[in-house]
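Take the sequences, apply the hints, and build the full model.
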Amino acid sequence: MSESVAERHTADASAKKIGLPTIIIGIFFLIVLIAALIIRLPMPVLISDLLRRFGMNGLLVLAMVPSIQSGTGPNFALPIGIVCGLLTIVSGIEFGLVGIWLILFACIAGTALAIAAGYLYGKLLNSIKGAEMMIATYTGFSIVALMSLVWLMVPFASKKMGWLMGTGLRETIQLDAVGADSIINKFLMFTIFGIKVPTGLLLVFFVFCILMWLFFKTKTGIAIMAGGINPRYAQASGLNTDKYRIIANIISTVLAALGIILFSQSYGYAQLYLAPLNMAFPAVAAILIGGATASRASVSNVIIGVFLFQGLLTTSMPVANQLFIGTDLSEIIRMVIQNGIILYALTQVKGVAKQ
Amino acid sequence: MKNSRIILSGKTKNMLADNMVPIIFIAFTLLGFAVARGVPMSFFLTELSGRFYRNGFLVLSLIIPVVAGLGLNFGIVVGAMSAQLALIIVRYFFIEGFGGLLLCFAISTPIAAFFGYLTGKLYNKTRGQEMIASLIVGFFANGIYQFLLLFAVGVIIPVPATHPMIKTDGVGVRMTVDMGSLKYSLESVLEVSFVWAVLVVSILYLAYMLCKYLRAKQMPLAVSGGKYSFVGMAALVLCIAISLISIITNNSLMTVKRIPVLTIALIAMLAVFTKLIMKTKLGQDFRSIGQSQHIAQTNGIDVDKTRIIAVIISTVLAAWGQLIYLQNMGTLNTYGAHNQIGMFSVAALLVGGASVSKATVKHAFAGTLLFNSMFIMSPEIGQALFGQAILGEYFRTFMVYGVIGLALGLYVWNANRKAGLTLDPDTVETRTSI
Amino acid sequence: MVNNLLTMKNITKEYFGNKVLNNINLEIAKGEIHALIGENGAGKSTLMNILFGMPVISSTGGYQGTIEIAGEPVHINTPHAAMAHGIGMVHQEFMLIPGFTITENIKLNREITKENIVSRIFGKQYESLDINKMNADARTALDKMEMGIEEFTLVAGLPVGHMQFIEIAREIDKTGLKILVFDEPTAVLTESETQNLLSAIKKLATSGIGIIFISHRLDEIMQVSDRVTILRDGELVVTMNTKDTNTHEIAQLMIGRKVSFERNETKNRTLSNDTMLKLKNFVVRMPGEDVKGVDLEVKKGEIVGIGGLAGQGKLGIANGIMGIYPAKGEVLFEGKPLKMNDPKGSITAGLGFVSEDRRGIGLLLESSIELNTVFTCMQIKNSFLKRVGPIKFKDTKKIRAHTKRMIKELDIRCTSSEQRVGSLSGGNQQKVCLARALTQEPKLLLVSEPTRGIDVGAKRLVLDHMKKLNEEQGITIVMTSSELAELRSICDRIAIICDGKVEGILPPDASDADFGLMMSGSKRTNTEQGAIHNV
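Residue numbers (my numbering), protein chains in the order written: chain D, 1 to 355; chain X, 1001 to 1434; chain U, 2001 to 2535.
Some hints could be false.
BS3-like mimics (lysine-lysine), calculated; alpha carbons at most 30 angstroms apart, straight line [unchecked claim]:
| id | chain 1 | residue 1 | chain 2 | residue 2 |
| --- | --- | --- | --- | --- |
| 1 | D | LYS123 | X | LYS1418 |
| 2 | X | LYS1279 | U | LYS2133 |
| 3 | U | LYS2386 | D | LYS243 |
| 4 | U | LYS2174 | X | LYS1305 |
| 5 | X | LYS1257 | X | LYS1125 |
| 6 | X | LYS1358 | U | LYS2133 |
| 7 | X | LYS1305 | U | LYS2124 |
| 8 | D | LYS123 | D | LYS243 |
| 9 | U | LYS2124 | X | LYS1358 |
| 10 | D | LYS129 | X | LYS1281 |
| 11 | D | LYS129 | X | LYS1418 |
| 12 | D | LYS219 | U | LYS2339 |
| 13 | D | LYS123 | D | LYS219 |
| 14 | U | LYS2344 | D | LYS219 |
| 15 | U | LYS2381 | D | LYS123 |
| 16 | D | LYS219 | U | LYS2408 |
| 17 | U | LYS2443 | D | LYS219 |
| 18 | U | LYS2203 | U | LYS2009 |
| 19 | D | LYS123 | U | LYS2203 |
| 20 | U | LYS2386 | X | LYS1305 |
| 21 | X | LYS1279 | X | LYS1358 |
| 22 | D | LYS219 | U | LYS2392 |
| 23 | X | LYS1121 | U | LYS2178 |
| 24 | U | LYS2339 | D | LYS129 |
| 25 | X | LYS1281 | U | LYS2443 |
| 26 | X | LYS1275 | U | LYS2443 |
Simulated from the structure, these hints should not be mistaken for lab results. Keep in mind that this is a model prediction, so the values were computed, not measured.
In structure tokens form, the structure reads like this:
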């Protein structure tokens, strides 16, 4: 008996170790970094870029945590929240808001909208248990396509967003025209050793990380987690697991809405139409790289994952361009790593053999 | 009497619910004709028949995995990429014409079989999540494909920069590859007039049906779908009448694009193959594992191996389908031609009335026709109703995703409802998850 | 000897040093119906697994002893080999594909094929099915069973009785069938279906097939079998001619005297006359453990045992009361009706539950002992929380203090209160389950299979602790267990469940035969009325 206990202990310890995907991507990242040093790429620029992309993608990846923890799997329907955020940005511009007021309005209205959308989406997920990932993907796709019709038909009059002729909104809407470009990034921004640190952006991301971490110490957070690990246990303890799955997906959708607002202001553009279609996949990949599985995730997975994945993407592009002129190797790397890691995670899901 | 009527109305209700998606699509197409007055029948039929020759084979390639319980194989894009690799190899050596096409078929088959084997292995490891895995594996394979064609060609495999297929800097294959006389190589072998073809096929089919009907009549207790065959015969007679009128009056229907006999023959052969393989031992194994992996396993069927065979067949067929598609298109969009194949084919199959666990040749044919009707008509409707053709394009994107999402959602929802525990049949109370 | 179709000699099987079969000898003659009987865990299924060459046997180190078929020693190491030797089995759960016709099911993976052009090139897998021949074979097999049903009917929607017959037809259709095993074949059948089946089995036997008939229904065994073999705790108790014995004797031999836990008589217990829990026509839908109308009363302060064979519904009762499986009927707890299908309601009313499915619904294996101990209480009773504004955070300090006390009280062996529960031994996991239930301070504790999968020493501790709880804190306990000895060691009275109903209620010192007869449902007629209120 003592033997088997010891065995379990070692299994315990290894579970806490860093996962294989994290190590592989980490090593890969290191190699690319060393290559960048060797070919004398300007490191401050590279690191500035990395920090910016780390911050702007962070919230979208953080949105994966509640949905994974609640047992509905990675939120492949991230575009639902994203279009909520985009809708409130363009509405704000239409109302004539500029600068920080635009961002604040978008955040507040986006949250409200995302709560409603997340609630409906959570309801949907509860009726299709067992196939959440697949249906979430197509729900996300459908919403993006449906919203494309809305972008095309919405009777907004603002000159900053419309086409020169005809109705409908442009595909990309410049945010510097409304004074909202990088407005959060620039908050308390400073330069050290030539590295531009987007303090505001990082601050927002870390504040949300801490909030998320705290949330899973609350009664509701613990209930969500228990329902995700073992729904039958939670139900036997008198919990309404369906309710908690909905709450988790509301939080995830809200984070996606806020995430795209943060992303857009940093990027400088709000991208409409089919741009959000495939945004869920890099976010899913990032958290998996950080060591999460399709059923377990933590805030640290988010931070490590975004850092490694975005870091690798930012550095590999100039490095590949230097070494193999004219090839867009970084896009290929992104595709292979992103989808490879998702496939790897799917093989780890305990499949229910079909009856 | 009263009872039977209630049952009947219940049945029609069920039929309506079951065929919701096809009905929406038919209504949509009819709406298109109603609002967009400028669409001549001959244009519509040319477009529709052309799309049917292009896509029919690909949609059929999805059937076997469904029967074998793997669900909708979005991974047929892997087969499409194999076909494109074969085509690029063939074109690299400037091989032309029908022989070149045959060579494409020959080269793509082992490539597709190999990747189909790997995909099948993957599906066995992601049991229960095959569909999302098949979607992602398409994206993943796309990365590998691009790596091969954009990077390996030129950097790892030396190629002359002067080759017309290679980009000017000597690395990577160009965005579009000219297919030379591979274009229409299948089509141009033999083409016949659309109306004449309709006439001949309708007469032959009518004769066949009549024979069957007469023979059935002689036998007592014949089990035949009486009413439906009459509807079918009436439709055939109508087809014959219309084509006769067209031929006599030489109206606009005579301008419908001519039918490529060989392509149609290939599609028909695949349809027959799909039907026949279900009547073999292998087909029976597909059906067994599709119904219950557990029971099949306990009766000694090698479930994993059978699943892999199903995926290999599907992938190879998809490769062939993509070749048919490409020779009809005429140019190869190197990095884009395969991307939407999986999704569009799946959507078409679902529109025909198939589901995650049930798909037949009939579903594939009906779906290809209905789905493409919607595709042709939606820009017209967008133009007619809103003055914007682009609206129709976004609308059809929405329909593709929506149809897949809806069909999957309804399927899982129904399955969950059935699996839920009830106290007895009378109580409505169900609990799904326990 | 020559007459024997099957001879199993000196079969011994160990699982990880634990002897589950010891020197079993079994002989089946041509045309004989041989009944095999024993409690759960007596070794019936292990013996049949050996006969079928199931992988579970070879992967756990194989077995000792020899098997002879028609006098020839054989080596059966795969199910395939077993089939080749003419051994067939009619499964308890139907192995039928509902979407297939009867013929397709009978011929599953044994389809008759004929060559065609393609198969000549690509191989046997591409041969076409010969549906006509398959139908003819299926017809023959069905006719042997005197089943008039058409062979091209779909299996979906057929009554279970028919399905059972199709399973048998499939076995008959296999060429060279010599021995057919029936594993609890009548469990799902109605009275008349059962009679049909029994006569079909008799008819099969007359055609020279040897039949092993596993059942717990003693009446059926008396009616149909020629000989009966009784297993108990992996030992062969006796093989005898059925006509030389009676149900009473079989029942007694089946239960036997086990290494029983001795029963210390209780001191200063206050048995009250107040009713704590009352079930009336209680129905629970729990797959494999359906409860079909139970009436039961539990007095305040007593320990009531619920026993019975597996699959009879004893486990469904506690699960139904706790709202874990859909239930209906009347449940009065302390005189107030308890809402059905409402776990939260049951917990708030003061019911605690230690589930039989420890790893499934009893524990969060990946979480700490602390969280497992307080989880339910935190969620339902809002304890172990501290408020910061409107937000309720877990109160780690309080949780730790409480868990440490529980660890000490229940003697949970662990490195710290933060240790992952999945890394504890079975006995200690069980104690964590108990700790969780006790943290809720329940008035009535429902404990199901408390000693399943834990070693003997830990068993004693868990049972003692329950007794202590009852004596010192006056907690009423309803304990469900498959191990009769365990129930007899601490319960005040034991309700035996058979076929989803209370077969009868016995005092712990009732005779083995009484327990045996009740468990096998052979005493229903004379105890139905009296036993329920008669304690």
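Hints and how they fare:
1. Proposed proximity of D:LYS123 and X:LYS1418 is supported: the alpha carbons are some 19 angstroms apart, at most 30 angstroms.
2. As the CA atoms of X:LYS1279 and U:LYS2133 are separated by approximately 14 angstroms, the hinted pair is consistent with the 30 angstroms bound.
3. Among the hinted pairs, U:LYS2386 with D:LYS243 is consistent with the structure: their alpha-carbon atoms are about 23 angstroms apart, no more than 30 angstroms.
4. For the hint pairing U:LYS2174 with X:LYS1305, the CA-to-CA distance comes to about 25 angstroms; that is within 30 angstroms, so the pair holds.
5. Restraint check for X:LYS1257 and X:LYS1125: the C-alpha separation of about 47 angstroms exceeds 30 angstroms, so the hint is violated.
6. Of the pairs offered as hints, the one joining X:LYS1358 and U:LYS2133 holds, with about 27 angstroms between alpha carbons and a cut-off of 30 angstroms not exceeded.
7. For the proposed pair X:LYS1305 and U:LYS2124, the alpha carbon gap of about 15 angstroms is at most 30 angstroms, so the pair holds.
8. Restraint check: the Cα-Cα separation between D:LYS123 and D:LYS243 comes to about 9 angstroms, which is no more than 30 angstroms; the hinted pair holds.
9. For the hint pairing U:LYS2124 with X:LYS1358, the CA-to-CA distance comes to about 26 angstroms; that is within 30 angstroms, so the pair holds.
10. Proximity of D:LYS129 to X:LYS1281 is assessed by CA-CA distance (about 35 angstroms); at most 30 angstroms being required, the pair is judged violated.
11. Among the hinted pairs, D:LYS129 with X:LYS1418 is consistent with the structure: their alpha-carbon atoms are about 13 angstroms apart, no more than 30 angstroms.
12. For the given pair, D:LYS219 sits about 25 angstroms from U:LYS2339 by alpha-carbon distance, which is consistent with the 30 angstroms threshold.
13. Our distance criterion of 30 angstroms between C-alpha atoms is met by D:LYS123 and D:LYS219, whose separation comes to about 22 angstroms.
14. Annotation: proposed proximity of U:LYS2344 to D:LYS219 holds, straight-line Cα distance about 16 angstroms (limit 30 angstroms).
15. Annotation: proposed proximity of U:LYS2381 to D:LYS123 holds, straight-line Cα distance about 27 angstroms (limit 30 angstroms).
16. A distance of roughly 26 angstroms separates the Cα atoms of D:LYS219 and U:LYS2408; the hinted pair therefore holds under the 30 angstroms criterion.
17. Straight-line distance between C-alpha atoms of U:LYS2443 and D:LYS219 comes to about 25 angstroms, which keeps the hinted pair within the 30 angstroms bound.
18. Of the supplied pair hints, the one linking U:LYS2203 and U:LYS2009 holds, its CA atoms being roughly 28 angstroms apart against a limit of 30 angstroms.
19. Note on D:LYS123 and U:LYS2203: the hinted pairing is violated, with a Cα-Cα distance of about 57 angstroms set against a maximum of 30 angstroms.
20. Proposed proximity of U:LYS2386 and X:LYS1305 is contradicted: the alpha carbons are some 57 angstroms apart, above 30 angstroms.
21. Taking the CA atoms of X:LYS1279 and X:LYS1358, the gap is about 16 angstroms. The hint holds against a cut of 30 angstroms.
22. A distance of roughly 6 angstroms separates the Cα atoms of D:LYS219 and U:LYS2392; the hinted pair therefore holds under the 30 angstroms criterion.
23. Distance hint between X:LYS1121 and U:LYS2178 is unfulfilled; the C-alpha atoms sit about 39 angstroms from each other, more than 30 angstroms.
24. As the CA atoms of U:LYS2339 and D:LYS129 are separated by approximately 26 angstroms, the hinted pair is consistent with the 30 angstroms bound.
25. Taken as a hint, the X:LYS1281 and U:LYS2443 pair is broken in the structure, with Cα atoms around 62 angstroms apart against an allowance of 30 angstroms.
26. Pair hint X:LYS1275 plus U:LYS2443 does not hold up; C-alpha atoms about 65 angstroms apart against a cutoff of 30 angstroms.
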